[in-house]
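**Q** Following the hints, position chain B against chain A.
2 protein chains.
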Amino acid sequence: MTYCVALHLDKGLVFMADTRTNAGVDNISSVKKLRTWSVPGERVVTVLSAGNLATTQTVISLLEERTFHPSERDPSILTQPTMFEVARLVGSTLREVVVEHRGMGGPDSEGEFGATMIVGGQIKGMKPRLFLVYPEGNFIETTVDSPFFQVGEIKYGRPILLRAFDPTMSFEEAVKLLVVSFDSTIKANLSVGLPVDLHVYVDDSLEEGEVRRFERRDPYFAEISQTWGSALREAFGSLPDFEF
Amino acid sequence: MTYCVALHLDKGLVFMADTRTNAGVDNISSVKKLRTWSVPGERVVTVLSAGNLATTQTVISLLEERTFHPSERDPSILTQPTMFEVARLVGSTLREVVVEHRGMGGPDSEGEFGATMIVGGQIKGMKPRLFLVYPEGNFIETTVDSPFFQVGEIKYGRPILLRAFDPTMSFEEAVKLLVVSFDSTIKANLSVGLPVDLHVYVDDSLEEGEVRRFERRDPYFAEISQTWGSALREAFGSLPDFEF
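As you go down the protein sequences, you meet chains A and B in turn. Its first residue numbered 1, the first sequence is counted upward by one per residue in my numbering. Its first residue numbered 1, the second sequence is counted upward by one per residue in my numbering.
Think of the hints as simulated: they come from the structure by calculation, not from any bench. Please note: incorrect hints may appear among the correct ones.
When chains are identical, the list treats them as one kind, so a pair holds in a single copy or across two.
As the list claims (entries may be wrong) - Below are the SDA-like pairs computed for lysine to any residue, each with C-alpha atoms no more than 25 angstroms apart in a straight line: (1) K11 / E243; (2) K187 / F165; (3) K187 / R233; (4) K187 / F236; (5) K187 / E243; (6) K11 / L206; (7) K11 / E234; (8) K187 / I140; (9) K187 / E223; (10) K11 / E141; (11) K11 / L78; (12) K187 / L162; (13) K187 / A164; (14) K32 / Y134; (15) K187 / V144; (16) K11 / D241; (17) K32 / A222; (18) K187 / D145.
Here chain A stands alone, though its shape is the one from the complex:
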């Protein structure tokens, strides 16, 4: 599994992805699942991916190849006119790979080669946009009512997002929120683990923003993990006990 989240804030987009990948429980390694393409002053696109690693790596490589050798391998992420078209391109590439890989499997391989991706960014003169792309290649976009996307092992870290997310929050608070959500997930599930990658895109900056990797012993991550445990127990203690 994997865990990736992207928040659509009033001030910009915040992306976080873990790096754990596993086949069973005894074949674990680290792979970067956050990839950014940018042409400073013109566009920034970040893609997060969860699902079958052979599928997601192939999709990213195809997008990459078609971006850096665009003369012969159109279409490219860097030449799409809108973020909507970028999402369509990621969707069609994902679908192409999933269909091809499924053909290699047996009759039960439906789903096995699937992947889900988050695509977000901004192109000059247009608003920043954030999409969630399904293995079928279709996609949905954030709205005022659902202003963030999660993919992968989403359930453990969802309650805190539902309770504490606020589109007006600062980037500093947003990163804290993501660290709490990731920490809850990591505590409960072996298939999600540090290091965790972060990209903070500031609206209208049109350049790659703060990029950071939280390593296994990152002091901020460790501090949040510890203080969140105590703060949670304290919050829990402050609620009225049940009376029989």
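**A** Chain B in isolation, oriented as in the chain A frame:
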């Protein structure tokens, strides 16, 4: 889906189960998933069930029939000599039903007719015990290191259990903990819903303890849901923001 939890406290066993059952999203109804058998002064057994409703209802009915007409339908929950044997009986009955129902399905029906059950209670002269029974009929027991079981839609409500559970807690705190865990799950997932059933078994009482149903507008449930939201946001606010 469903959500059921049983806690093994130093003072006793606390069981909670929701009542939502659904086939798709447009065929929803309420079914009790918590069932207690007791012979006051001799034994108390509670069973919680999650999974295919046809399977779990058949298992409970078989256990029931064999209990109340034991002369011709041995073995019965009320005649097993130990809680271990009670768990074996529930396991073998569950396996019997799952295997039979699977035989009715197509080749892809593996798993579809499955169910998982929690069995806990006490028999006179022995310690209270708590088991989780798999669809294959085998089972595990709580230990000092894993003193609670969840079945069904377990992920949303797991982080708070991991952080706040303490075997020395009072029954009043334990019910509060379960309400918080259920509330987080209900907020995030349509397939879990109120009403919620509770049974609190006090060690060595050898009789059914407090039984309570939290209805859709239960004031305590509503109060916890609301104050937990604020307490969580406050706890979150008290953590140090990330600094770039």
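**Q** Are the CA atoms of K11 and D241 at most 25 angstroms apart within a copy, between copies, both, or neither?
**A** between (40 angstroms within a copy, 16 angstroms between copies)
**Q** For the identical chains here, do K187 and I140 meet the 25 angstroms Cα criterion within one copy, between copies, both, or neither?
**A** Only across copies: K187 and I140 sit 22 angstroms apart there, 30 angstroms inside one copy, limit 25 angstroms.
**Q** Between K11 and L78, at a C-alpha cutoff of 25 angstroms, which is it: within one copy, between copies, both, or neither?
**A** within (23 angstroms within a copy, 64 angstroms between copies)
**Q** Checking an output row: K187 and E243, CA cutoff 25 angstroms. Within, between, both or neither?
**A** For K187 and E243, only the inter-copy Cα distance (23 angstroms) is at most 25 angstroms; the intra-copy one is 31 angstroms.
**Q** First find the shortest C-alpha distance between K11 and E234 inside one copy, then the shortest across copies, and answer within, between, both or neither for a cut-off of 25 angstroms.
**A** This pair counts as between: shortest inter-copy Cα distance 23 angstroms, intra-copy 32 angstroms.
**Q** As a check of your reading, is K187 near V144 (CA-CA no more than 25 angstroms) within one copy, between copies, both or neither?
**A** between (30 angstroms within a copy, 18 angstroms between copies)
**Q** Under a CA distance limit of 25 angstroms, which applies to K32 and A222: within one copy, between copies, both, or neither?
**A** Cα proximity of K32 and A222: one copy only (21 angstroms, versus 42 angstroms across).
**Q** When Cα atoms must be at most 25 angstroms apart, do K11 and E243 count as within-copy, between-copy, both, or neither?
**A** Classified as between: cross-chain Cα gap 16 angstroms, same-chain 45 angstroms, threshold 25 angstroms.
**Q** Could you figure out if K187 and E223 sit no more than 25 angstroms apart (CA to CA) within one copy, between two copies, both or neither?
**A** Within one copy only: 14 angstroms inside, 28 angstroms across.
**Q** Regarding K11 and L206, is the shortest C-alpha distance of 25 angstroms or less found within a copy, between copies, in both, or in neither?
**A** within (13 angstroms within a copy, 60 angstroms between copies)
**Q** At 25 angstroms max between alpha carbons, let me know whether K187 reaches D145 within a copy, between copies, both or neither.
**A** Between copies only: 15 angstroms across, 29 angstroms inside.
**Q** For K187 vs F165, is the C-alpha pair at or below 25 angstroms within one copy, between two copies, both, or neither?
**A** both (21 angstroms within a copy, 14 angstroms between copies)
The structure meets every hint from the earlier list without exception.
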